[in-house]
Amino acid sequence: SDFQSSASVYFFVMESLEKQLVCPICLEMFTKPVVILPCQHNLCRKCANDIFQASNPYLSTRSGSTVTSGGRFRCPSCRHEVVLDRHGVYGLQRNLLVENIIDMYKQEPKVEQPMCEEHEDEKINIYCVSCSVPTCSLCKVFGAHKDCEVAPLHNVFTKQKAELTDCVSMLVGNNERIQAIISQLEETCRAVNSKVCETFDHLFALLEEKKGEMTLRITCEQEEKLDYIRGLRKKYSEHMENTAKLLETSIQTLDESEMAVFLQVKIVEGTNTSHLDKLQHGYENMDHFTANFDRQRRALTNVDFIKVKTTSVHANMLAYRIFSYHSCCSYSHSVC
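The numbering of the sequence shown is the UniProt record's numbering, which starts it at 1 and goes up by one.
Please keep in mind that the hints were generated in silico from the structure rather than gathered at the bench. For clarity, every value in this text was computed on a predicted model and none was experimentally measured. Some hints could be false.
Here are the computed lysine-lysine pairs in the BS3-like style, where the Cα-Cα straight-line distance is at most 25 Å [what the hints assert, rightly or not]:
#	residue 1	residue 2
1	LYS161	LYS123
2	LYS235	LYS278
3	LYS234	LYS245
4	LYS278	LYS225
5	LYS123	LYS146
6	LYS140	LYS161
7	LYS106	LYS146
8	LYS234	LYS278
9	LYS235	LYS225
10	LYS307	LYS195
11	LYS123	LYS159
12	LYS19	LYS159
13	LYS140	LYS123
14	LYS19	LYS32
15	LYS235	LYS210
16	LYS123	LYS32
17	LYS159	LYS146
18	LYS46	LYS32
19	LYS106	LYS161
20	LYS245	LYS235
21	LYS234	LYS210
22	LYS195	LYS245
23	LYS19	LYS146
24	LYS195	LYS210
Using the sequences and the accompanying hints, generate a full structural model.
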């Protein structure tokens, strides 16, 4: 009957889908949870753990459980080395898309034969190509579709079954490509961040080195000037002390007229400071160390990434694939 033919086609479609949902280890349909490896191949988490245990027999488990810490194993499909973190296989990302497809696959098919709404006793056994709806033979003979183009339900279903299979394949392929792009994007961002931090650390080091050099020059000149001033102060103190002694002597011999001229000369000599260095006006200023960092400040303020004219080809391609996938699936849902 047409119903048996449609059912056989349905199971053929499910069998085709099942081939894409088989674990390469247990050769059975994936058992949830399903994990996706960095190489974008899928495994049952239990099978992934079995491979890991076989590849790392000396790694101990925690409390006898299957959770292992660290280690590595190779993907059974492409031999790519998978490196695990401290969470072991439980650190691998789950492929929720494949799990959802498995749930859909395992749903029990409806076995009730659809009947024509216009002719309640007639089974739906043909497909109206003009209206894109399934119908019955009576509708074609003298019903609403008598002037329409029709085709055998089996032929239309076989064609749309193939389109559905292609959509599922595209769905899985797009998911794997998107996951690969996500992984690549994360790795690229980590590398770019590391490079930016390294560059800024180098700039900080240069600034610290320059700051040390400039402050050292200020300190050296400060010490040089202080040494000179201290020496000058010492000379002035010694001269003041000598002058005070001469003054004291002159007072003691003030009544001796024969010493008047002598004392007069000595006092003049004692009060003469022409041979002592004198500090220039503004000697304490350090104006020559004034720095103008406006240009450097503007340069640092304008630090940014190089403005590169980016292409949107990859973004457009990704958007096109996603749009194609949604369109395909929407079409498939409309004919199922």
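Verification of the supplied hints:
no., hint, result
1, LYS161 - LYS123, "holds, 21 Å"
2, LYS235 - LYS278, "holds, 11 Å"
3, LYS234 - LYS245, "holds, 17 Å"
4, LYS278 - LYS225, "holds, 13 Å"
5, LYS123 - LYS146, "holds, 17 Å"
6, LYS140 - LYS161, "holds, 24 Å"
7, LYS106 - LYS146, "violated, 39 Å"
8, LYS234 - LYS278, "holds, 13 Å"
9, LYS235 - LYS225, "holds, 15 Å"
10, LYS307 - LYS195, "holds, 17 Å"
11, LYS123 - LYS159, "holds, 21 Å"
12, LYS19 - LYS159, "holds, 19 Å"
13, LYS140 - LYS123, "holds, 13 Å"
14, LYS19 - LYS32, "holds, 17 Å"
15, LYS235 - LYS210, "violated, 38 Å"
16, LYS123 - LYS32, "violated, 39 Å"
17, LYS159 - LYS146, "holds, 23 Å"
18, LYS46 - LYS32, "holds, 9 Å"
19, LYS106 - LYS161, "holds, 17 Å"
20, LYS245 - LYS235, "holds, 16 Å"
21, LYS234 - LYS210, "violated, 36 Å"
22, LYS195 - LYS245, "violated, 75 Å"
23, LYS19 - LYS146, "violated, 41 Å"
24, LYS195 - LYS210, "holds, 23 Å"
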